[in-house]
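Chains as they are written, first to last, in our numbering: chain A, 369 to 779; chain B, 2 to 338.
These are calculated hints, taken from the structure and not from any lab test. Be careful, since some hints might not be right.
The calculated PhoX-like cross-link candidates involving lysine-lysine, where the alpha carbons are at most 25 Å apart (straight line), are [stated by the list, open to error]: (1) K195/B with K279/B; (2) K772/A with K194/B; (3) K212/B with K267/B; (4) K772/A with K267/B; (5) K772/A with K195/B.
Derived Cβ-Cβ restraints for the label pairs, each shown as a range [stated by the list, open to error]: (6) H769/A with K279/B: 51 to 61 Å; (7) S526/A with D244/B: 50 to 60 Å; (8) Y779/A with K188/B: 51 to 61 Å; (9) T129/B with E706/A: 35 to 45 Å; (10) P755/A with H298/B: 49 to 59 Å; (11) P166/B with S526/A: 18 to 28 Å; (12) A330/B with Y779/A: 39 to 49 Å; (13) R468/A with G108/B: 49 to 59 Å.
Fair warning: this is a prediction, and the values are worked out from it, not measured in the lab. Yeah, the Cβ is synthetic: ideal placement off N, Cα and C, and Gly gets one too.
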Amino acid sequence: MSDDVAPLYLNVPEPGCRPGDEPDFSDFVIPKAGAVDRPAVDVNPDEIRDMAFSIIRVLNAEGEAVGPWSGELSADELIEGLRHMVTLRTFDARMMIAQRQGKTSFYIQHLGEEAVSCAFRKALLDDDMNFPTYRQAGLLIAGDYPLIDMMNQIYSNSQDPLHGRQLPIMYSSKEHGFFSISGNLGTQFMQSVGWAMASAISGDTRIATGWIGDGSTAESDFHAALVFASTYTAPVVLNIVNNQWAISTFQGIARGGVGTFAARGHGFGIPSVRVDGNDYLAVHSVARWASERARSGLGPTLIEHVTYRAGGHSSSDDPSAYRSKEEGAAWPLGDPIERLKQHLIVLGVWSDQQHADLEQEVLDKIVKAQKESEAIGTLGAGAMPSPRDMFEGVYEEMPPHLVKQRQEAGY
Amino acid sequence: MTQMTMIEAIRDAHDVAMARDERVVVFGEDVGYFGGVFRCTAGLQAKYGRTRCFDTPISELGIVGAGVGMASYGLRPVIEIQFADYVYPAIDQIVSEAARLRYRSAGDFTCPLVIRMPTGGGIFGGQTHSQSPEAYFTHVAGLKTVMPSNPQDAKGLLLAAIEDPDPVIILEPKRLYNGPFDGHHDKPIVPWKKHPQGDVDPGYYTVPLGKAAIRRTGSEVTILSYGTMMYVAEAAAAECGVDAEIIDLRTLLPLDLDTIVESVKKTGRCLILHEATKTSGYGAELMAQVQEACFYHLESQIIRVTGWDTPYPHAQEWDYFPSPARVIAALHQLMED
């Protein structure tokens, strides 16, 4: 150690607000709705570097849709989007209760993030393939995947499409363009690029989407995905859902000194944008722009969805232990359902009464599906997947040692 | 029959597979234009085009992750990890993803993926070009693990792996690429063209996964081995005059236990031979299975001859590499018991 220079110290970033603190988002710069230009899909990425530091927004504080990213969806399509988001939120609430009642082991909800996956799904074609994390069930709901199949999976009952093998909410549906959720973090991001490369190799027209959380961008998979997507101009849309929190770790730990997660794309020459993730219209419009780029052979787009995880990380998490209880209410981008509802009212096509009716209708539908699913079974009660099935599907054909072990287990 | 090195046989297998099935795509580090650092994919890019055989960034997790995505799409990726020693960054994609995709999605998505990697020592490659990591893979439910010992098998096993509906790891003993090696490092190298197993069937054929081969029939002891060690076993048995039955496992998982059990019950003695380190090595699994299945037929302890439990050394390679002398000593010990 030298006496001549000051000692080094380690910088460990901390969020501005912990339990007991007053939430403060004054550093969080929010551009006005409509302020960000809409470039042509074949824009030179170098010309839109500023988009990685701004936020594309359509809905303003008055509930009006403004600017170049607005005007894509009809009133009927917006009402359908509202229905999807309300369905997802209601579904989550019912399943969280079911988890608390011991009907399943685990659940992950989307509270506050419903617009991201619900709006994105409507910008894709039916046979595109999504590689989601555990917080994009809106891709299924907006793709009309049966609610009862989701519940059967959550309850691991005998009708679970995944035969009880997978943790609740780790759905899989090739038919609905929803790749099997791993539960590992980040792995699917690289796989989405591989799927997109395969589509290009095959002369197909389908595209892939990859999804990752703010925290998991620190995984090597994220870097590998960007390298491969950039090198091979893969037809993929790469989505970062920045919901501010990775369990108890604020996004600054993964982000480091760079201003935004979207800016990570600059080093790869990938057009990189940020979007208001709580604005259904903005997410949809950006998703359509990026998917058009992919489908036209223009290659990948990196999208950072700026949103807020209003609930706990999972049913096992208590966020009051690490962040202020008031932070969610102070989140400056508001609530995606409230904002779309307000917009529809401003348009003159919606009312509080219609909204209440919608909520009741959705609840009735979910309760009906839940009754049917619970009549089949819940975790540990009712009709369960066969223990014999535990040995199936490790390989297409069961090898001799597994046959022997299955017999040893008594099946 | 055509005389081929193991490299030529592997290249031929790729060629046959790519010609038969346009879903077969081949990629990895230096694999495209140059044809791989060991030349196992030479000429494929020129013949089939850049989108079916291409170079990748140096990212093993990226290579395997791309392979998982492509396999789930419906292609048949055959990927090369430049050295088995480099596979560790891809372990998550192999163990948690490729191996489990069929199971966790109840068959909704599958992963027909072949991951080839040169393995083993004997080339003065030091610790990062000599490892034998087979036990990492045989421990994983959902993977198949293969190690050929000659050109004919290398081609037939690779073609079988490409057709297999599940992920297959192929460990290619790089010391055998150009000729068999019996562990006598001070003797001249024997090329494959002077060895009967350098004869390779032309065109399409497969060697089934999960089937061992008896390389030498014998009555006194069973030697279980695979890869480079096959030739060390043959040399040792010939030099010491013990009438050994030598079994080439070829596929480590699923294991051809029937062939092993039949042999050990006949000979009553068993020696297990591999290059990899001893503790928790694949030999421990073989030992357990032989003991479980043949306990009342055993006339002596089961002995393992393996690499020492150290990182793979450089200057001390021939003190590390299981030599014919060590195998002979073990055979004598078995016969004296």
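Checked hints:
{"no.": "1", "hint": "K195/B with K279/B", "in the structure": "33 Å, violated"}
{"no.": "2", "hint": "K772/A with K194/B", "in the structure": "42 Å, violated"}
{"no.": "3", "hint": "K212/B with K267/B", "in the structure": "19 Å, holds"}
{"no.": "4", "hint": "K772/A with K267/B", "in the structure": "23 Å, holds"}
{"no.": "5", "hint": "K772/A with K195/B", "in the structure": "43 Å, violated"}
{"no.": "6", "hint": "H769/A with K279/B: 51 to 61 Å", "in the structure": "23 Å, violated"}
{"no.": "7", "hint": "S526/A with D244/B: 50 to 60 Å", "in the structure": "57 Å, holds"}
{"no.": "8", "hint": "Y779/A with K188/B: 51 to 61 Å", "in the structure": "54 Å, holds"}
{"no.": "9", "hint": "T129/B with E706/A: 35 to 45 Å", "in the structure": "57 Å, violated"}
{"no.": "10", "hint": "P755/A with H298/B: 49 to 59 Å", "in the structure": "34 Å, violated"}
{"no.": "11", "hint": "P166/B with S526/A: 18 to 28 Å", "in the structure": "26 Å, holds"}
{"no.": "12", "hint": "A330/B with Y779/A: 39 to 49 Å", "in the structure": "46 Å, holds"}
{"no.": "13", "hint": "R468/A with G108/B: 49 to 59 Å", "in the structure": "32 Å, violated"}
The structure is inconsistent with the numbered hints 1, 2, 5, 6, 9, 10, 13, although it conforms to all the rest.
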